Amino acid sequence: MSETALHSQEPQLLEVSIGPQHPSTHGVFRMNVVLDGETIVKLKPVMGYLHRNHEQLAENMSYLASMPYTDRLDYICSMTNNFAYATAVEKLAGIDVPERAQYIRVLMAELTRLVNHTLLVGFLLNDLGAFFTPILYAFREREKILDFFEATAGSRMMCNYFRFGGLKSDLPAGGLEQVKKIVNNYSRFLDEFERLLTNNEILRSRCQNVGILSKELAVSASITGPMLRASGVNYDIRKVDKYSIYDRFEFKVPLGKVGDVYDRYYVRILEMRESIKILQQILKQMPEKGEIISAKGAAAGKSPRMWKPPAGDAYGRIESPKGELGFYLVSDGTPKPYRYHVRPPSFINITILEDMCLGYKVADAIIILGSVDIVLGEVDR
Amino acid sequence: MFGFGVLKGMSVTLWNFILSYIYPKKGITTVQYPEKKKEVEERFRNFPFLVYDGTPDNMRCVACDICAKECPPKCIYIIPEKDAQGRIQKKPATFDIDYAICMNCGICEEVCPFDAIFMDHEYELSEYDRLSDLMYPKEKLLKPVEHFMKIRPTDCGAIEAQRAAKGIKGRAAQVQSAPAATVKPAETQQNPPANA
Amino acid sequence: MNIEEIKTDLLKHVPGLELTVEGESFVVPKEKLLETARFLKENEKYRMDYLSCVTGVDYLAARQGQPGQAAVGGQSELASDYLESVNHLYSMEKKQGPIVLKVRVPRNNPRMPSLTPLYRGAEYQEREAYDLFGIVYEGHPDLRRILMWDEFEGHPMRKDYVEEDQDVR
Chain W
1 MSETALHSQE
11 PQLLEVSIGP
21 QHPSTHGVFR
31 MNVVLDGETI
41 VKLKPVMGYL
51 HRNHEQLAEN
61 MSYLASMPYT
71 DRLDYICSMT
81 NNFAYATAVE
91 KLAGIDVPER
101 AQYIRVLMAE
111 LTRLVNHTLL
121 VGFLLNDLGA
131 FFTPILYAFR
141 EREKILDFFE
151 ATAGSRMMCN
161 YFRFGGLKSD
171 LPAGGLEQVK
181 KIVNNYSRFL
191 DEFERLLTNN
201 EILRSRCQNV
211 GILSKELAVS
221 ASITGPMLRA
231 SGVNYDIRKV
241 DKYSIYDRFE
251 FKVPLGKVGD
261 VYDRYYVRIL
271 EMRESIKILQ
281 QILKQMPEKG
291 EIISAKGAAA
301 GKSPRMWKPP
311 AGDAYGRIES
321 PKGELGFYLV
331 SDGTPKPYRY
341 HVRPPSFINI
351 TILEDMCLGY
361 KVADAIIILG
371 SVDIVLGEVD
381 R
Chain U
1 MFGFGVLKGM
11 SVTLWNFILS
21 YIYPKKGITT
31 VQYPEKKKEV
41 EERFRNFPFL
51 VYDGTPDNMR
61 CVACDICAKE
71 CPPKCIYIIP
81 EKDAQGRIQK
91 KPATFDIDYA
101 ICMNCGICEE
111 VCPFDAIFMD
121 HEYELSEYDR
131 LSDLMYPKEK
141 LLKPVEHFMK
151 IRPTDCGAIE
161 AQRAAKGIKG
171 RAAQVQSAPA
181 ATVKPAETQQ
191 NPPANA
Chain B
1 MNIEEIKTDL
11 LKHVPGLELT
21 VEGESFVVPK
31 EKLLETARFL
41 KENEKYRMDY
51 LSCVTGVDYL
61 AARQGQPGQA
71 AVGGQSELAS
81 DYLESVNHLY
91 SMEKKQGPIV
101 LKVRVPRNNP
111 RMPSLTPLYR
121 GAEYQEREAY
131 DLFGIVYEGH
141 PDLRRILMWD
151 EFEGHPMRKD
161 YVEEDQDVR
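Residue numbers (the working numbering), protein chains in the order written: chain W, 1 to 381; chain U, 1 to 196; chain B, 1 to 169.
Hints in this document: simulated from the structure, not taken from any laboratory.
Please read all numbers here as calculations on a predicted model, not as lab measurements.
Cβ coordinates follow ideal geometry from the N, Cα and C atoms, glycine included.
Treat the hints loosely; a few may be bogus.
Said to hold, decoys possible - Under the rule of at most 20 angstroms between Cα atoms (straight-line distance), these lysine to aspartate or glutamate pairs were calculated in the EDC-like manner:
1. U:Lys-37 / U:Asp-120
2. U:Lys-8 / W:Asp-191
3. W:Lys-91 / B:Glu-22
Claimed, not checked - So the derived label-pair ranges between C-beta atoms look like this:
4. U:Tyr-77 / B:Asn-108: 40 to 46 angstroms
5. U:Tyr-21 / W:Arg-305: 56 to 62 angstroms
6. W:Lys-144 / U:Lys-8: 24 to 30 angstroms
7. W:Asn-185 / U:Pro-24: 17 to 23 angstroms
8. W:Lys-284 / B:Glu-153: 56 to 62 angstroms
9. W:Gln-280 / U:Pro-153: 30 to 36 angstroms
Go ahead and model the full structure; you've got the sequences and the hints to work with.
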């Protein structure tokens, strides 16, 4: 028996389940990896532990009643989830949005982008082993934005703020000053954060040339968001579709060169700087007074269980901080949707996790997963 | 020089360390809960409560059931009061909200046409039993208008101004203006059992 | 993108194709799906290289045509029940789109070709449509349940799905 063990040529493969309960899998997510020593030979993601059947619940409720449930899809960026759903329903029913409401919507969407990218860089550093220092610096800054969300919408994370045709309520007194303070301090925070991280040799040696994703594979696998742009493809839905009023603002779309974990981290830092530019333009251009919800939208919100959109289907999409978030709605002319489908960016970005991780070690798989930026509420719905 | 990036990063942490001593207001952001509590914003919405003007009998709710129908997880249960003949009165006999199901969306406040239900600021509501203690009956939900004014002055002020402009006086004025109609049936009902 | 223009191009370049236009989407027969998608992906004018969304929809005849309810999507040929798979195509190179392709399959034999050979992004979305609706995609590398657990029986999002009695063991 010992002879076969000494002379055996084939590798002994070990199957490990980086199981649903793990501090670094960003939720209840499981990866079945097959290891040869410590190198990954095969990787299969297993999901569905947080499946809450959101799509079927929406078929039994009125259109407005599923708005609080969309908050809970990507539970970090609730404002952009609301934005995508409101965009899809407005496309279906042909409802327009007044000017000031459009500005406040874009303001909330860009603040959410700052919230999400800050949190993501913090958690990526957590996965790398920098136990809790960068993430708490990031959270210290993020708290100010969450306080502004609480002052406006009533809740820090589950905002339920957007309505079809506008918003639920106007900004509170002193809201704009709060935003001005946040925007003025954020560049300084980003400079400090970059001084801590960007040129750090340990970060560079662990993140550069790890988990490389080529352009062709990214486009073929329907990857969207900062992960796609880090591989060098210039596709940002804010520039392509020009939904809402994004064509009035000047901002660049940062692109990466190699497509490794370091590029994905750095593209997010650059996107945060572009978001700050957009916020400064909003603060200059926003009209002081205006309607918050259009007449058609107010009629829809007056009695939600009796509002009937016209029959048909519509697909509305926005650039959420994680990628393309779309809602596909089929209506049959009754107050309840006939089919309600969410196109989740995290779910589809996981498609090529295996391709990116082959040949690397387990520790690298953890940071590659961290750089994909998944939230299980969106993956499983 | 190799390692310079790490040293620059360490200078950031060192600066934050020193800042927490020389300028604690900016350096330390921890709030020592439960000794000190952070003030919640005015529009903070937690769980709903019902409003009355004056005494708990003058509640604004007329049991129209709109909030129960619009509630997304269906956590509101209303049974309207019926008088001796079985006619439905404009008052709820029971009004239960299951706080274990409620997800604090605020849609009930938005759709109420009678300004009767609003979102409260209370968040320290833990109980030992999930099923019975968290089902709040009408008595626990009723709070005076003054409480609403204290927690949300801007919204309450706007709503009271609107009601005054429209001339809505509330249930107290209704009861006073029509005493004969409501008192008589109760009198005739009570007499026979006393005699028997 | 002009619907009529796309229709004439498709009819010219894909031999034997019969398609109908509904609203702003094209209903293609399932045998021609791969050819149509390949033409749209490789043709110089369109270059639809990005498959954004694959959805399954269940059109149950008993659910529509009820008194007081409008017919779904304004269409009237609800002769039989069918399951539908909707694909939204965009172009990352030319920044144009969408082109919506719909494929209909009967309920008793819901088999259709998979778009996975052309677009890798269809992999997980088709698995989800199989899991929740029961549409079987031929040519898919790994068709198994994704959101429900592996031993689950039935397809939950269908309109005629009856929830199993959870008290019976």
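Verification of the supplied hints:
A distance of roughly 17 angstroms separates the Cα atoms of Lys-37 (chain U) and Asp-120 (chain U); the hinted pair therefore holds under the 20 angstroms criterion. Between Lys-8 (chain U) and Asp-191 (chain W), the direct Cα distance comes to roughly 12 angstroms. Compliance with the 20 angstroms bound is thereby established for this hinted pair. Annotation: proposed proximity of Lys-91 (chain W) to Glu-22 (chain B) holds, straight-line Cα distance about 17 angstroms (limit 20 angstroms). Tyr-77 (chain U) and Asn-108 (chain B) have their C-beta atoms about 43 angstroms apart, which keeps the hinted 40 to 46 angstroms range intact.
Here the CB-CB span from Tyr-21 (chain U) to Arg-305 (chain W) is close to 58 angstroms, well matched to the stated 56 to 62 angstroms. Our hint of 24 to 30 angstroms for Lys-144 (chain W) and Lys-8 (chain U) holds, since their Cβ atoms are close to 25 angstroms apart. Range check, Asn-185 (chain W) to Pro-24 (chain U): Cβ separation about 18 angstroms, and the 17 to 23 angstroms hint holds. Separated by about 59 angstroms at the C-beta atoms, Lys-284 (chain W) and Glu-153 (chain B) satisfy the suggested range of 56 to 62 angstroms.
The supplied range of 30 to 36 angstroms is met by Gln-280 (chain W) and Pro-153 (chain U), whose beta-carbon atoms lie about 32 angstroms from each other.
Consistency with the previously given hints is maintained throughout, with no hint failing.
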